[in-house]
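There are 2 protein chains.
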Amino acid sequence: MSSLENELIRVVSKPTGIPAPENFQLEKQVVPELEAGQLLIRNEWLSVDPAMRGWLADANNYASVRVGDVMRSLCVGTVIKSTTDAFMEGDRVMGWFGWQHYAAIKPAAVVQKITATDLPASLYLGVLGLNGVTAATALDKLGAPKAGETVAVSTAAGGVGSCVGQLAKALGCRTIGLTGSPEKLRTCLEEFNYDHVINYKTDDIDAALKTQCPDGIDVYFDNTAGAISDAVMQHLAIGARVIVCGTASIPSWDPPPVGPRVNRILLTRRARMQGFILFDHKDTYPTYVKQLEDLIRAGKMNYREDVTEGLHTAPGAIGELYRGDNLGKRLIRL
Amino acid sequence: MSSLENELIRVVSKPTGIPAPENFQLEKQVVPELEAGQLLIRNEWLSVDPAMRGWLADANNYASVRVGDVMRSLCVGTVIKSTTDAFMEGDRVMGWFGWQHYAAIKPAAVVQKITATDLPASLYLGVLGLNGVTAATALDKLGAPKAGETVAVSTAAGGVGSCVGQLAKALGCRTIGLTGSPEKLRTCLEEFNYDHVINYKTDDIDAALKTQCPDGIDVYFDNTAGAISDAVMQHLAIGARVIVCGTASIPSWDPPPVGPRVNRILLTRRARMQGFILFDHKDTYPTYVKQLEDLIRAGKMNYREDVTEGLHTAPGAIGELYRGDNLGKRLIRL
Chain R
1 MSSLENELIR VVSKPTGIPA PENFQLEKQV VPELEAGQLL IRNEWLSVDP AMRGWLADAN
61 NYASVRVGDV MRSLCVGTVI KSTTDAFMEG DRVMGWFGWQ HYAAIKPAAV VQKITATDLP
121 ASLYLGVLGL NGVTAATALD KLGAPKAGET VAVSTAAGGV GSCVGQLAKA LGCRTIGLTG
181 SPEKLRTCLE EFNYDHVINY KTDDIDAALK TQCPDGIDVY FDNTAGAISD AVMQHLAIGA
241 RVIVCGTASI PSWDPPPVGP RVNRILLTRR ARMQGFILFD HKDTYPTYVK QLEDLIRAGK
301 MNYREDVTEG LHTAPGAIGE LYRGDNLGKR LIRL
Chain D
1 MSSLENELIR VVSKPTGIPA PENFQLEKQV VPELEAGQLL IRNEWLSVDP AMRGWLADAN
61 NYASVRVGDV MRSLCVGTVI KSTTDAFMEG DRVMGWFGWQ HYAAIKPAAV VQKITATDLP
121 ASLYLGVLGL NGVTAATALD KLGAPKAGET VAVSTAAGGV GSCVGQLAKA LGCRTIGLTG
181 SPEKLRTCLE EFNYDHVINY KTDDIDAALK TQCPDGIDVY FDNTAGAISD AVMQHLAIGA
241 RVIVCGTASI PSWDPPPVGP RVNRILLTRR ARMQGFILFD HKDTYPTYVK QLEDLIRAGK
301 MNYREDVTEG LHTAPGAIGE LYRGDNLGKR LIRL
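As you go down the protein sequences, you meet chains R and D in turn.
Numbering of the first sequence is given in UniProt numbering, commencing with residue 1 and proceeding in unit increments.
Numbering of the second sequence is given in UniProt numbering, commencing with residue 1 and proceeding in unit increments.
Keep in mind the hints are simulated off the structure, nothing from the lab.
Please note that the accuracy of each hint is not assured.
BS3-like, lysine-lysine: derived pairs with alpha carbons at most 30 Å apart [what the hints assert, rightly or not]: (1) K14/D <-> K141/R; (2) K282/D <-> K141/D; (3) K300/R <-> K290/R; (4) K14/R <-> K210/D; (5) K14/R <-> K141/R; (6) K210/D <-> K169/R; (7) K210/D <-> K146/R.
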């Protein structure tokens, strides 16, 4: 094994806002010998997620990454050497293997073994991974939408948002998608089955919501937190549930940006606004993966992947996400 | 009956911010003959509540009061004439009788018949009325505090806040009260059993919370919504519940004032922020009245009343509430 050469992306500085290429460095290294109890993984797919900005920020994050660490990431790979009975050579696994070609890890870093052979393995980083399971868990546990209710999604074409829209639609909800380009609008309607779409860059959001949601919004799944949300919040129905899943439109929280206070809306609409982090819901992860696998097999869950080739595309990938360049789950194939 | 003279307070204009005396007018009128199914009530106690500002505001309120109406208010009075079997002359009742001496009402305007004879009737407008039941219902249903948790209350000495603090204490929580004068601080400690108090006008709230709540705040019962809340929100524990019960420190919501965005706090702390209006919880009203009656009888629920004499003191009373002049439930005795 010691002749294998690893390439990895190391964090070399903390970003002040959105992580940029200069916060990372590509390094070459010999793959170390395995310690007892470790597995050696050959990565095939690396994930790029909006949450990475939070992991890299200094302040109180639930999954901090420090300067000097290999960049934290979910990956799909194959076990090529095992010193434990838990996994065998040849097992396909998804887990915390980092932005690198080879990872020597403990079994606890594996999130799940991939047993389905009828679905592409890369899906376990997107629609069947963090994105899909975030969408399914948060929508079900925090949003609890009922058939006939109106569900609005603020990053409607994104990795999480596109799942939310289709999950809500499968439950019999009316779905309203907010997104930022004509191409994304079209994808939302044609592939992700939204009932209505709004271009937040060119439409009058307030007027559009007045027309499309005359009875208000029952569930608002929010990944943005800025001006888009300010407009949507004005249209909450009585008893609405707002899922705070991301804050993509806020470039920096230090100092905290100001915006319209939400207290009076929450009070008069008896609405609930709640933060969601998937790591709190590990116990139900397999349940929601299964729900999503079944929806994909039934043709009720479409997805898009946006793939770049090679580890060298990783350092710029988080910034591209925040610029909204991608259409679907952002992945890196090795 | 037609010889009885009524005095009433009519709403003559909409306030732009906090209701002021010029928005009201005292009128004299002959008490009308009862229609079939009505009751005639002689009011003894009138309530003054912060919620009245919302009722009088133009925008989308859940209980709007229009120009020309007798000012909406909960009152305690005695049935002096009944044309229905539901109530008898002499019954003590609490309900929506308005700021006036006599009210001809339908039985549906009665919130409850007062049957306890060992407790003062005025309590059914305060600690056993809207305030106490708001505190008990919201704390239980939205806050769900567990023994050992830390509960912070932003209007700690007020009608609702003083009940919240004592209810939380009775459940075995640590209670932190925020209030605005040395006299109120003393009352909070001596009468309302808070474990710690903070003077939001003179103390450094952030530093005080850092010292007094090193593990964060599990339940924040908020009646203020402004700078006090901005400071408290920074100290939420993981899984915190924020009860949005009032917005007393915001003089006007038109246009909506700006403040620090809360999304990132809610996200990283997986916290929940939820609006509460008692009218949604009519079915459980008697349950919480009984809980509070029992706590009073057990000596675990102290209260203060702040009483002025005569209907002419009503028009200025809402403004006095918002200036924080009162110490305890604001009442008018007729």
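Given hint K290/R paired with K300/R - CA-CA distance at most 30 Å: 14 Å, holds
Is K14/R close enough to K141/R, meaning Cα to Cα at most 30 Å? 34 Å, violated
Against the 30 Å threshold, does the CA-CA distance of K14/D and K141/R hold or violate the hint? Roughly 42 Å separates the two Cα atoms, so the pair is violated.
Is it true that the CA of K210/D sits at most 30 Å from the CA of K146/R? 41 Å, violated
Hint check: K14/R vs K210/D, CA-CA at most 30 Å. Holds or violated? 26 Å, holds
Holds or violated: are the alpha carbons of K210/D and K169/R at most 30 Å from each other? Roughly 45 Å between the alpha carbons, so the hint for K210/D and K169/R is violated.
Tell me if the straight-line CA distance from K282/D to K141/D falls inside 30 Å. Answer holds: K282/D to K141/D is near 13 Å, not above 30 Å.
Of the numbered hints stated above, those contradicted by the structure are hints 1, 5, 6, 7, listed in ascending order.
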